[in-house]
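Line order of the protein sequences matches chains A and B. For the first sequence, the working numbering assigns the number 1 to the initial residue and increments by one for each residue that follows. For the second sequence, the working numbering assigns the number 1 to the initial residue and increments by one for each residue that follows.
These are calculated hints, taken from the structure and not from any lab test. Check the hints yourself; a few may be wrong.
When the alpha-carbon atoms are kept at most 30 Å apart in a straight line, the in silico DSS-like pairs for lysine-lysine are as follows [stated by the list, open to error]:
| # | chain 1 | residue 1 | chain 2 | residue 2 |
| --- | --- | --- | --- | --- |
| 1 | A | Lys37 | B | Lys125 |
| 2 | A | Lys22 | B | Lys71 |
| 3 | A | Lys22 | B | Lys125 |
| 4 | B | Lys21 | B | Lys75 |
| 5 | B | Lys27 | A | Lys2 |
| 6 | A | Lys54 | B | Lys125 |
| 7 | B | Lys114 | A | Lys12 |
| 8 | B | Lys75 | A | Lys22 |
| 9 | B | Lys114 | A | Lys22 |
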Amino acid sequence: MKNQVKIVRIEKGITQGDLAEKISVSRQTIHAIESGKYVPSTLLALKLSDVLDKTVEDLFELEEND
Amino acid sequence: MVEMSSLLYICKAHLTIMETKFLISHKFRALGAILFSLGILGTSLVISDLEPEFLDADVIMLFVDDEVFGKEEFKLIDVREENILNELVGISVILGGLLLLLARRKHEDEMMIKLRLESILWAAKINAVLLIISLLFIYSLSFYFVMLFNLGVLYGLFALRFEWVVSRLNRE
């Protein structure tokens with residue numbers, strides 16, 4: 001699964017730490033999501049879309065092998 | 001179309017049930033580490049056949065199988081004096097290990113839960129392999145020590161793997 005979380009976060013000028021605090025996870029979790037090592041739950045995806053003001057589909061995209 | 005806030009609420013409720021059903025406060029982590037370490041230290045006493053006298057106590061025994069004057073005698077239940085070091089060490093390892101396994105991290109989130117589950121599965125697999133190898137190659141009294149060690153192997157492997165994965169994540 002591809003994601004645009006890092007790009008959108010930087011566009012909005014938010015640090016990993018701030019984003020983590022806003023959605024009640026650790027900074028490491030944000031780092032893992034951005035680097036594609038961890039696919040978040042529906043809850044976290046919805047929280048991310050809420051905080052970053054984008055739709056879930058804008059942030060996450062299925063790849064051919066998914 | 002379902003409102004975003006309703007969706008968030010439903011997801012949060014499910015995740016909260018999962019988190020609170022199995023895990024306990026992170027304060028128990030230190031207690032778990034102490035009990036587990038004491039248990040491991042105690043194991044070395046058991047192996048070296050030390051039986052401190054102050055740990056002699058009357059215990060309730062089930063399924064007692066004795067040989068009296070060459071004749072086998074079986075009792076369903078009996079009360080006898082025994083040294084309880086083995087029992088204390090075993091309970092310490094199991095309870096300490098379980099607390100380590102169930103205690104939340106300070107910043108517990110869904111990724112931590114996933115890492116925890118992965119570490120438990122990994123430890124269960126390695127434990128099974130070690131047990132099968134031991135069953136095939138270790139016999140007689142030595143197997144007693146295998147069973148003794150096996151009380152803590154699953155928890156020890158879990159703790160090592162989980163701590164390693166979390167510390168690697170923290171370094172990134």
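Looking at the structure, which of the earlier hints fail to hold? 2, 3, 4, 5, 6 and 8
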